[in-house]
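Asks: Count along the sequence shown from 1, add 9, and you get the number used in our numbering.
None of these hints come from the bench; they were simulated from the model. Just so you know, even glycine gets a beta-carbon here, dropped at the ideal spot from N, CA and C. One or more of the hints may lead you astray.
Label pairs and their computed distance ranges (CB to CB) [claimed, not checked]: (1) PRO113 <-> LYS12: 17 to 27 Å; (2) MET63 <-> GLY101: 16 to 26 Å; (3) ASP78 <-> ILE56: 27 to 37 Å; (4) LEU60 <-> LYS99: 28 to 38 Å; (5) TYR68 <-> LYS12: 12 to 22 Å; (6) ASP49 <-> VAL24: 12 to 22 Å; (7) ILE96 <-> PHE76: 29 to 39 Å; (8) SER42 <-> MET75: 28 to 38 Å; (9) THR116 <-> VAL24: 17 to 27 Å.
Straight-line alpha carbon distances no greater than 30 Å define the calculated DSSO-like cross-link-like pairs of lysine-lysine that follow [stated by the list, open to error]: (10) LYS12 <-> LYS99; (11) LYS36 <-> LYS94; (12) LYS36 <-> LYS99; (13) LYS94 <-> LYS12; (14) LYS94 <-> LYS114; (15) LYS93 <-> LYS12; (16) LYS114 <-> LYS12; (17) LYS12 <-> LYS36; (18) LYS54 <-> LYS36; (19) LYS12 <-> LYS54.
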Amino acid sequence: MGKLSCNADNCVNNVGGLCSADIISIKGRDAISSSETVCDTFKQKGIMNALSSMGNTNYVGEIEQMFSDFHEILMTPEVHCNAKKCIYNKQGICGADNLFIYGPKATSVQNTECETFINER
10 MGKLSCNADN CVNNVGGLCS ADIISIKGRD AISSSETVCD TFKQKGIMNA
60 LSSMGNTNYV GEIEQMFSDF HEILMTPEVH CNAKKCIYNK QGICGADNLF
110 IYGPKATSVQ NTECETFINE R
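Using the sequences provided together with the hints, build the complete structure.
Replies: Given below as structure tokens:
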């Protein structure tokens, strides 16, 4: 998996535009555009969601990122994807070099999307 950045600032996994989740799930089985996809791992910031997300945290990536020069993204989750029409979907795993999750005002999964999605046509 390549580098992942995210602007879903209200997500418990968002740390300065990076994703602290170990694995994220992109949903949009029959999507033909990015607006028909969602980041199913999104959870709104809050103590209960933070506690429930602890089992899916990329601790190694977070430590590596803390000791990096911050010009390089080291904290990148594995991305599972069921958007079967996306050119980057390689047997359920995202093969994009760079992935962007959009959701600047998201308060739920439905307000997020995978901006990297490209329909295979």
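Asks: A separate judgement is required for each hint: does it hold in the structure or not?
Replies: To see whether the hints hold, each was checked on the structure:
no., hint, result
1, PRO113 <-> LYS12: 17 to 27 Å, "holds, 19 Å"
2, MET63 <-> GLY101: 16 to 26 Å, "holds, 25 Å"
3, ASP78 <-> ILE56: 27 to 37 Å, "holds, 32 Å"
4, LEU60 <-> LYS99: 28 to 38 Å, "holds, 33 Å"
5, TYR68 <-> LYS12: 12 to 22 Å, "holds, 19 Å"
6, ASP49 <-> VAL24: 12 to 22 Å, "holds, 19 Å"
7, ILE96 <-> PHE76: 29 to 39 Å, "holds, 35 Å"
8, SER42 <-> MET75: 28 to 38 Å, "holds, 36 Å"
9, THR116 <-> VAL24: 17 to 27 Å, "holds, 18 Å"
10, LYS12 <-> LYS99, "holds, 16 Å"
11, LYS36 <-> LYS94, "holds, 11 Å"
12, LYS36 <-> LYS99, "holds, 14 Å"
13, LYS94 <-> LYS12, "holds, 21 Å"
14, LYS94 <-> LYS114, "holds, 26 Å"
15, LYS93 <-> LYS12, "holds, 21 Å"
16, LYS114 <-> LYS12, "holds, 22 Å"
17, LYS12 <-> LYS36, "holds, 19 Å"
18, LYS54 <-> LYS36, "holds, 21 Å"
19, LYS12 <-> LYS54, "holds, 23 Å"
Hint check: no violations occur; every hint is consistent with the structure.
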